[in-house]
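Colleague: Sequence:
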Amino acid sequence: MSVGLSNKEIGLELHKWATDLFPITRSLTGPGVRETFRYLKKIIPELSIFSVPSGKKVFDWTVPKEWIIREAYIANKDNVKIIDIKNNNLHVVGYSEPINKRMNLEELNPFLHSIPDLPNAIPYVTSFYNESWGFCISEKQRMQLKDEEYHVYIDSELIDGVLNYGELIIKGQTDKEILLSTYICHPSMANNELSGPVVTTAIARWLKTLEKRKYTYRIIFVPETIGSIVYINENFKNLKKATIAGFQITCIGDDRVYSFLPSRLGNTLSDKAAEHVLKHLAPGYKKYSFLERGSDERQFCSPGVDLPIASVMRSKYGEYPEYHTSLDNLDFVTPSGLAGGFNILKNIIELIENNCKPVCLHTCEPQLGKRGLYPNVSKLGSVNDSVKKMMNLIAYSDGNLSLLEIAEIIDVPMWELVQVFRVLKKHTILSNN
Numbered sequence: 006m007s008v009g010l011s012n013k014e015i016g017l018e019l020h021k022w023a024t025d026l027f028p029i030t031r032s033l034t035g036p037g038v039r040e041t042f043r044y045l046k047k048i049i050p051e052l053s054i055f056s057v058p059s060g061k062k063v064f065d066w067t068v069p070k071e072w073i074i075r076e077a078y079i080a081n082k083d084n085v086k087i088i089d090i091k092n093n094n095l096h097v098v099g100y101s102e103p104i105n106k107r108m109n110l111e112e113l114n115p116f117l118h119s120i121p122d123l124p125n126a127i128p129y130v131t132s133f134y135n136e137s138w139g140f141c142i143s144e145k146q147r148m149q150l151k152d153e154e155y156h157v158y159i160d161s162e163l164i165d166g167v168l169n170y171g172e173l174i175i176k177g178q179t180d181k182e183i184l185l186s187t188y189i190c191h192p193s194m195a196n197n198e199l200s201g202p203v204v205t206t207a208i209a210r211w212l213k214t215l216e217k218r219k220y221t222y223r224i225i226f227v228p229e230t231i232g233s234i235v236y237i238n239e240n241f242k243n244l245k246k247a248t249i250a251g252f253q254i255t256c257i258g259d260d261r262v263y264s265f266l267p268s269r270l271g272n273t274l275s276d277k278a279a280e281h282v283l284k285h286l287a288p289g290y291k292k293y294s295f296l297e298r299g300s301d302e303r304q305f306c307s308p309g310v311d312l313p314i315a316s317v318m319r320s321k322y323g324e325y326p327e328y329h330t331s332l333d334n335l336d337f338v339t340p341s342g343l344a345g346g347f348n349i350l351k352n353i354i355e356l357i358e359n360n361c362k363p364v365c366l367h368t369c370e371p372q373l374g375k376r377g378l379y380p381n382v383s384k385l386g387s388v389n390d391s392v393k394k395m396m397n398l399i400a401y402s403d404g405n406l407s408l409l410e411i412a413e414i415i416d417v418p419m420w421e422l423v424q425v426f427r428v429l430k431k432h433t434i435l436s437n438n
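Note that my numbering has the sequence shown beginning at 6, numbered continuously upward.
Do not rely on the hints blindly, as some may be mistaken.
[What the hints assert, rightly or not] Label-pair restraints from in silico Cβ distances:
{"hint": "1", "residue 1": "G271", "residue 2": "K219", "range": "23 to 29 Å"}
{"hint": "2", "residue 1": "P58", "residue 2": "S132", "range": "18 to 24 Å"}
{"hint": "3", "residue 1": "N135", "residue 2": "L215", "range": "28 to 34 Å"}
{"hint": "4", "residue 1": "R261", "residue 2": "T368", "range": "50 to 56 Å"}
{"hint": "5", "residue 1": "S132", "residue 2": "K62", "range": "20 to 26 Å"}
{"hint": "6", "residue 1": "G377", "residue 2": "S53", "range": "27 to 33 Å"}
Honestly, the hints are just simulated from the structure, not real lab data.
Don't be surprised by glycine CBs; every beta carbon is placed ideally from N, CA and C.
Turn these sequences into a full structure, and let the hints guide you.
Modeller: Take a look at the structure:
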C-alpha cells in the first residue's frame, strides 16, 4: 500500500476498487474476467495474465468452454422486460445456453430460481458443467408473476476459447515461497467475490514497497476450483518444492467476526501464524474445521498436493445469510471491514517474515545489567514485564524453537518478541540459528 495511509484511507481505497469492479459480469471464463484483469493491472502492472485453452485435460478435469453473455431478459405479454441482466447480472444462471422462446408461467417456472426465506434476495446459481439455462429472481418478484405468456431471451455463446488466470511473482531473498490465492469468477457479489481480489491486490502492492523480503511471494488470481486445478497442473513441481506457507483469500471484507479455516493437517506454519495473530488481534474469532472447507483450499490441500494453505476470513462463505445472493453487496462489505482484513493478513505475513530460531550466545544467563538491560538495584517488583519478556526469550532460545513457538509458550504477541530479539541481537546476546 501507499506509505503512510491510515486505516480509514486504506479501507476507502479498497472499497473504491470493489465499487469499480462490482458491475462486471464475471464467470469462470469470458470477457468479464479479462475486464477485471485489465483493471487490476492498472494497480499492479506486473501482473501476468495466462490463457489455457478450452478442452485441455487437467488431472481429472477438463477446461470448460468459454461463456460469453450479451443479453438476457424475460418480457411479459406487453413486451415489458420484468427481469433483465442489465439491472442485475445475477439474474441469469451462470453458463446459460442461448434461448429465444415464448412460454407460459407453468413452462417457465422450472427455470426460475428464488429463495423463499429471503424474499428480497436474488440468488446466485450456476450450471458450469451441464448445459442448461435459467433465471434468478427474488421470491417477491416471483410471487408477482402473472399466468400469462412470457418472452424468454438469452443471447449467449459457449465457444472453444480460453480460461484466464493471473500470476504475480514478487522475489525475496530466498526461493522459498508464500502462496496467496484468490478467485475472480463471481458476478456482482462483494464479500464472496470482490473482497478477496481487492485485499490480495492491496497486499501485493504493500509487499512491493518492502525494502527486504525474506520470502518470495507467488500471488494468483484464478477462477475458483477449475482455476486452482489448472494452476496446480501447470506449476506442480515448483509449488511442491518451494511453498512454505500460504493463504486462500476470500470473504474478508465485512464487519462481522473473523473466521479461520485450517489446512488439512492443521499444524502448518500458515495455521500457527494465522491463529497467533487472530488470538491477539481478533479475540473471539470463529475457528472452523477443515471438514467445513469450500474454496480452493480443497485443491491446494488435497492428497498428493499437500500445500500448507489456510484461510483467514471475516464472515465465512456459506455461513452468512447474504452469501451467494444480491444481498452480498457494497453495503455489506465496508471500508472498515476491508481495512481490517488487509491488516490481519499483513500482520500474519510480517510474522512469518520475522520468524526465526534464536540461539543464545552465552552459557548460563548473560549479565543483562552491565548492558543496561536489567535494573542495577534489585528489589521486589524491580523486574518489569519488558525484562521478563527478555529473560523468557533468552531462556527458550536454544536454536530449536522459533520465535513464534516461543511467543506461544510465554503467551506474548510475536511482534513484541521481534523487538526484544532485535535488542538482544544488537547486544550480541542472541543470534539467528
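Colleague: Using the C-beta atoms of R261 and T368, is the stated range 50 to 56 Å upheld?
Modeller: Holds, at about 52 Å.
Colleague: Measuring from beta carbon to beta carbon, are G377 and S53 in 27 to 33 Å?
Modeller: 51 Å, violated
Colleague: Does the hinted range 28 to 34 Å hold for N135 and L215 at CB?
Modeller: Hint violated: Cβ distance 46 Å, outside 28 to 34 Å.
Colleague: Cβ-Cβ distance between S132 and K62: within 20 to 26 Å?
Modeller: 21 Å, holds
Colleague: Holds or violated: 18 to 24 Å for the Cβ distance of P58 and S132?
Modeller: The hinted range 18 to 24 Å holds for P58 and S132, with Cβ atoms some 22 Å apart.
Colleague: G271 and K219, beta-carbon distance inside 23 to 29 Å?
Modeller: 24 Å, holds
The structure is inconsistent with the numbered hints 3, 6, although it conforms to all the rest.
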